[in-house]
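S.K.: As a plain string of letters, each chain reads:
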Amino acid sequence: MTANSGSGNGGDKFDQARRNFLRGIGLGTAAAVARPAWGGQTFGDAFAEFFQKNYQRMSAEEIEAALERIERKAKRRYEVDINCENTPPQEGVVFGYAINISRCKGYRDCVHACVDENNLGRDSQVQYIRVLQMDNGDSNLEHSEHYYDPETVPVEGKYYLPVQCMQCDDPPCVKACPVDATWMEPDGIVVVDYDWCIGCRYCMTACPYWARHFNWTEPEIPADEMNPDTHYLGNRPRPRGVVEKCHFCIQRTRKGRQPACQEACPTGARIFGNLLDPDSEIRYVLANKQVFRLKEDLGTEPKFWYFSD
Amino acid sequence: MLRGPREYWAWLAALTFVIIVGAASYIEQLENGLVVTGMSDQVSWGFYIANFAFLVGIAAAAVLLVIPAYIFHRDDIKDVVLVGEGMAVAAVTMAILFVIVDLGRPDRLWHMIPVIGSLNFPVSLLAWDVIVLSGYLLLNLAIPFYLLYNRYRGKEPNFRLYFPFVVIAMFWAISIHTVTAFLFSANPARPFWHTALLGPRFIASAFASGPALIIITLQLVQRFAAYKVSRSVIETLALIMTVAMQINLFFVGAELFTDFYNEGAHAASIHYLFLGLDGYDSLQPWIWFALALNAIAVVILMIHPLRRKTLTLNIACVLAFVGIWIEKGMGLVIPGFVPTPLGEIFEYAPTSVELSVSAAIWALGALIFTLLAKAVIAIEQGRLAERAT
Numbered sequence: 001m002t003a004n005s006g007s008g009n010g011g012d013k014f015d016q017a018r019r020n021f022l023r024g025i026g027l028g029t030a031a032a033v034a035r036p037a038w039g040g041q042t043f044g045d046a047f048a049e050f051f052q053k054n055y056q057r058m059s060a061e062e063i064e065a066a067l068e069r070i071e072r073k074a075k076r077r078y079e080v081d082i083n084c085e086n087t088p089p090q091e092g093v094v095f096g097y098a099i100n101i102s103r104c105k106g107y108r109d110c111v112h113a114c115v116d117e118n119n120l121g122r123d124s125q126v127q128y129i130r131v132l133q134m135d136n137g138d139s140n141l142e143h144s145e146h147y148y149d150p151e152t153v154p155v156e157g158k159y160y161l162p163v164q165c166m167q168c169d170d171p172p173c174v175k176a177c178p179v180d181a182t183w184m185e186p187d188g189i190v191v192v193d194y195d196w197c198i199g200c201r202y203c204m205t206a207c208p209y210w211a212r213h214f215n216w217t218e219p220e221i222p223a224d225e226m227n228p229d230t231h232y233l234g235n236r237p238r239p240r241g242v243v244e245k246c247h248f249c250i251q252r253t254r255k256g257r258q259p260a261c262q263e264a265c266p267t268g269a270r271i272f273g274n275l276l277d278p279d280s281e282i283r284y285v286l287a288n289k290q291v292f293r294l295k296e297d298l299g300t301e302p303k304f305w306y307f308s309d
Numbered sequence: 001m002l003r004g005p006r007e008y009w010a011w012l013a014a015l016t017f018v019i020i021v022g023a024a025s026y027i028e029q030l031e032n033g034l035v036v037t038g039m040s041d042q043v044s045w046g047f048y049i050a051n052f053a054f055l056v057g058i059a060a061a062a063v064l065l066v067i068p069a070y071i072f073h074r075d076d077i078k079d080v081v082l083v084g085e086g087m088a089v090a091a092v093t094m095a096i097l098f099v100i101v102d103l104g105r106p107d108r109l110w111h112m113i114p115v116i117g118s119l120n121f122p123v124s125l126l127a128w129d130v131i132v133l134s135g136y137l138l139l140n141l142a143i144p145f146y147l148l149y150n151r152y153r154g155k156e157p158n159f160r161l162y163f164p165f166v167v168i169a170m171f172w173a174i175s176i177h178t179v180t181a182f183l184f185s186a187n188p189a190r191p192f193w194h195t196a197l198l199g200p201r202f203i204a205s206a207f208a209s210g211p212a213l214i215i216i217t218l219q220l221v222q223r224f225a226a227y228k229v230s231r232s233v234i235e236t237l238a239l240i241m242t243v244a245m246q247i248n249l250f251f252v253g254a255e256l257f258t259d260f261y262n263e264g265a266h267a268a269s270i271h272y273l274f275l276g277l278d279g280y281d282s283l284q285p286w287i288w289f290a291l292a293l294n295a296i297a298v299v300i301l302m303i304h305p306l307r308r309k310t311l312t313l314n315i316a317c318v319l320a321f322v323g324i325w326i327e328k329g330m331g332l333v334i335p336g337f338v339p340t341p342l343g344e345i346f347e348y349a350p351t352s353v354e355l356s357v358s359a360a361i362w363a364l365g366a367l368i369f370t371l372l373a374k375a376v377i378a379i380e381q382g383r384l385a386e387r388a389t
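Chains as they are written, first to last, in our numbering: chain A, 1 to 309; chain B, 1 to 389.
The set of hints was computed from the structure by calculation and includes no laboratory data. Everything numeric in this text was worked out from a predicted model, so none of it was measured. Mixed in with the good hints there might be a few duds.
[Stated by the list, open to error] So the derived list for chain A, only partly shown, Cβ under 7 Å to chain B, looks like this:
#, residue
1, Asn54
2, Met58
3, Leu141
4, Glu142
5, His146
6, Lys175
7, Pro178
8, Ile198
9, Tyr202
10, Met204
11, Thr205
12, His213
13, Arg240
14, Gly241
[Unchecked claim] Some residues of chain B that are not near chain A, with every Cβ distance over 10 Å (derived):
#, residue
15, Trp45
16, Ser134
17, Lys155
18, Val167
19, Ile168
20, Thr195
[To be verified] Which chain B residues stay away from chain A? Per the calculated CB distances, all over 10 Å, these:
#, residue
21, Leu147
22, Asn150
23, Thr178
Idealized CB from N, CA, C, for every residue including glycine.
Just chain B, same shape as in the assembly (with noise of 0.2 Å):
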């Protein structure tokens, strides 16, 4: 984890600076209280929450290399599940650091613990989304852990012992999306949330969103770790993401006619997202520019030829991972908030404490996976073993 050439260490120094710089803009943070954001009481949630559900997709998708691996025994996939379940590790991490960050007392967290606290459950979704996130960290770290321990003593790891926790973990990380789009869902109070659509598209968000991300890490770990990773485990993301492209595209596409073939008053925020409202547009052109995004990348995706060529392949990731990542971060969490409930047009933009704070959990994100990825591989490669005696 420690031995590396120059790159590897300037990257992990970019990523501190980066965490530092943001370190100092949460303790203003924590002085000031939350009035250094850009939030309100019209517009309650912002870029942080935004982040919050964008990752939770992206540590979903983790089960997209999961299920081809354990359970169609795909050898090639097997080869890199480790990497995907690391970056379902620093997904999770980011997705929770996020929603400690908008808290306006971090200091009672403990109030959310069962027992020495009172944890609100089954009945708030907030509830369901602390449980269902740190399960999933902890089966993400679990389930890795054990084989690349055995792995490392040069052992069989039991297949009857870890099966079980890896089918639960395939579901699990369906659970994770489902709860977190819930969470919006479940308010009739927020008619822009408030649709039986907002799960699945969740789900279709991240199964585009997540493999970008993957196929995009794979190639760096493979250029940087010197790691094989097996062409055919890219082309098969590429053609779950090509299809997933598709149907959240759909997706969108369905809850525009809904709303705007007879426009009631439930469309009040989809109109101010996409054409403005009464004069308040800032939002608009990032959808519209995070369409063009997605609509770019699913043409690329559904070009044979574009889609197998890396060069274009890419591109497309880039595309699809920022247009989504606009789409279902602001683009989904502030129009719930435009206008409220009580009619009135108040806007939102991020303050740089937020933009810094958010760029530090990113960059924690990254150093998070970079030295998971470098122990994992290290250790799949057999140059990190237990000695023989």
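In isolation and in its complexed conformation, chain A is listed as follows (with noise of 0.2 Å):
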């Protein structure tokens, strides 16, 4: 363990006299030997932290306050100086995504992109995108194949379907949620606030498409694979016991980047732009590919859609 560079000089004692009191009234024992008392913070970043306000009635200044927090509690817990944003939504964007599933061969360069991109736990092994292999002229999922480990993709007689979150227009996953952790920027994207969210998981039941995803522990990344480059709502990183999910790569879309598993896909399968804009490329295969979208019976209007050429 390293001295709590936030308490000075007596850090040390202070630290040791802390966790002292801390095992003596049985709480937070593992956290004392593990790492820095108080999940890695300054008992005034924890104290900050929990009284912090819902991020949607947050001032700017304490928007301000609470990424400076983020920041350093980052560098307590993986040594690593990140550097957390705010980034707004620009105007008249809404954004969209399209797959070619007759492009993509399942080689899920998409999936560890993500993972790299967004900060994703490396133990727990999340991963917002998950690609199902299905057998040619059957569109159940419930025949799907999710953990395929073939020599080569693609398979013969098999095509791919990847599937993250929809950022639905009318998510349940939002209607679900006791706290109003969750809910719909005016970019389209669904976001979570992770310090808002109490893990009660019904956004997860909720969620038609398993696009929802659980801290059950503590999300460990190393730090030389840590991505410096965060948003607020998107791939900072997560505490233990808040859900979390696909955001579009919001700290690189809306700086007008493409997402991490767009950029990733070696074979062009992947359209992602703005819905408003007639000029764009994802505009042009609504507009003339033929699409569906998963679950479409549902009626929770998914922002992703699928075409083949």
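Make the complex out of the two chains shown on their own, each in a separate frame, by following the hints.
M.R.: Shown next, in the form of structure tokens:
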């Protein structure tokens, strides 16, 4: 354990006393052994985080203070300098995604690029994207192969269906949340305030696409693999006990970049863009290809389409 | 509340022991996260929520004493109605605790409090559940407290003051279990729950399992607290239970028919529950066991001489209670997650931590009920009263 940089000269001694105190009242013993007390925070930060408001209700100053706390916490927990931003949605932009399933070959490069980009827990093996291997001529998801592992893909007679958060326009997960910890942003991205989520997992129950994932344990990320460019509503390091999901790489796309999964795809199967821009590629796809959406009958209005050549 | 024979103290000590063991397990869960449970992204609710769903039903069933006591003025039932309300308090407390231990971040529970937090009411069904459960707890504390306090003071309670709340509590009882059923049935993502029959099924099974527990409990109260429970109370409850059991089994049959006659994709979960799916069938023996228990119980209850005989009635009560606990606990919650919305089959079994924490909550509920019942009976019998000055 390293000395607590936040508490000055007497830090170590103070830390020791505090840990003993904690141990005495039977709390935080694991925290004291594995990492600095207060979940890797100074008391002041832990206190401020506890009373932090719902993101949607925070003032600009309060968000700024929260961002700085997140950066300090990452430094203590992972010894990495991250930059946590709060880039706002752009005017006149609503994001949408379309996947060309005749191009997808099941390489899963999108899956791994997503893990790296979004600081997903490596031990917990959370993945936002799941590529399903399907038999040609069959679109029943219950016949899908989730853990396909052949010598080479694509396998003869199979096709591949990548599934991730559909950023529904009428998201059942948002309705389910008892504390308003998840909502749809003006650019159409459904986000989670990881500092407000109480971890009841009702949203996971409500999601028809199995797009939401829970941090059953503390997400572990090797320091040298941490992506330091983060967003409050996106890929910043998450605490344990909260739900997370694909957010269309909000830290990239709000700055005009493409999502990591789109960039990683070697076959060009992924088309991402602004649904409100009539000249965008995604609008071309919607206008000229025969598209379908998953479980359209549920009325969730996904902003995520599939098409084939 | 504190004086009692040796058995009483042994009972309290045993409950306390279970609570302490469970508390230690809960601390382990707090330190390591919910990874110590058997739950996963695939099956994201488990034993805790199963017990929650069942216990809300037990809490609601107290209304079966409240209605005849206060509306039909059955004096025999009026004598035990406060015991029933004590059971409602214990059951609601357990239900709330089962939700709290299921939370990933119990430290953020205050986010649910309106104004300082942000309760997503009226959109979220879980927000509804928070309100109806806490309201039900308050009603079932306030009404008996008012009646008992007057009794303690030796005064006549003001009927016009408390009766409106009794009426509210009656409708509220139905609402807690309806809302809990809607919590599940509101999800088109989970076809197994997404049926209009779920609400009625919840009420029917609650009105079977609730009386089963009340019948057993009243006999225990009579035996250990020397408190006279009229036979007619037991008989009324047994009759209600008989009808409710029949309706519940009919509902189960209706579900089975609808899902299996033309077996579509919606039937995958029920297929998993009753027959297994792709070789995964860990719930299958449990659900058949539960159905067998329920079937035997309903047969006993339908044969009048057997229902009137204490021994066979008690057997039926235990069978029905356990049968419904399985059927609408694990048998209801888990198949909703199997297969996942993406068709993955992943099984769930509770870990020792979950079992231990759950046992502790049940023990705490029993402890709360014991203490409440003891106080209630002491006041009702006039042993505990304000001394005349």
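S.K.: Hints first: check each against the structure and report whether it holds.
M.R.: Consistency of the hints with the structure:
Satisfaction of the interface hint for Asn54(A) is found here, the shortest Cβ-Cβ separation to chain B being roughly 5 Å, below the 7 Å cut-off. Hint status for Met58(A) relative to chain B: violated, with the closest Cβ pair at about 12 Å, above 7 Å. For Leu141(A), the suggested interface contact is upheld, since its CB lies about 4 Å from the closest CB of chain B, less than 7 Å. At its closest, the beta carbon of Glu142(A) sits 4 Å from a beta carbon of chain B; the interface hint therefore holds under the 7 Å criterion.
About 5 Å separates the beta-carbon of His146(A) from the nearest beta-carbon of chain B, less than 7 Å, and the hint is met. Below 7 Å, beta-carbon pairs count as interface contacts, and Lys175(A) has one with chain B at about 5 Å; its hint therefore holds. Taking 7 Å as the C-beta contact cut-off toward chain B, the hint placing Pro178(A) at the interface holds, the least distance being around 4 Å. At about 5 Å, the closest approach between the beta carbon of Ile198(A) and any beta carbon in chain B falls short of 7 Å, and the interface hint on this residue holds.
Here the hint on Tyr202(A) is kept, as its CB sits about 5 Å from the closest CB of chain B, short of 7 Å. For Met204(A), the suggested interface contact is upheld, since its CB lies about 5 Å from the closest CB of chain B, less than 7 Å. This hint holds: Thr205(A) has a C-beta 6 Å from the nearest C-beta of chain B, less than the 7 Å allowed. Here the hint on His213(A) is kept, as its CB sits about 5 Å from the closest CB of chain B, short of 7 Å.
Given the 7 Å rule on beta carbons, the hint for Arg240(A) holds: about 5 Å separates it from the nearest Cβ of chain B. Among the interface hints, the one on Gly241(A) holds; its C-beta lies about 3 Å from the nearest C-beta in chain B, closer than the 7 Å criterion. Annotated as non-interface, Trp45(B) brings its C-beta within 10 Å of a C-beta of chain A; the closest such distance is 7 Å. No Cβ of chain A comes within 10 Å of the Cβ of Ser134(B); the nearest lies about 13 Å off, and the non-interface call holds.
With a least beta-carbon separation of about 42 Å from chain A, Lys155(B) lies farther than 10 Å from that chain, consistent with its non-interface assignment. With 10 Å as the threshold on Cβ separation, the claim that Val167(B) sits away from chain A holds: the shortest Cβ distance comes to roughly 28 Å. Remark: the non-interface label on Ile168(B) is consistent with the geometry, its nearest Cβ contact in chain A lying 23 Å away (cut-off 10 Å). Even its closest Cβ contact with chain A, about 15 Å, leaves Thr195(B) beyond 10 Å, as expected for a residue assigned away from the interface.
With a least CB separation of 34 Å from chain A, Leu147(B) remains clear of the 10 Å interface cut-off, as annotated. Listed as outside the interface, Asn150(B) is consistent with that label: its C-beta sits roughly 38 Å from the nearest C-beta of chain A, beyond the 10 Å cut-off. With a least CB separation of 17 Å from chain A, Thr178(B) remains clear of the 10 Å interface cut-off, as annotated.
Violated hints for the displayed structure, listed by number in ascending order: 2 and 15.
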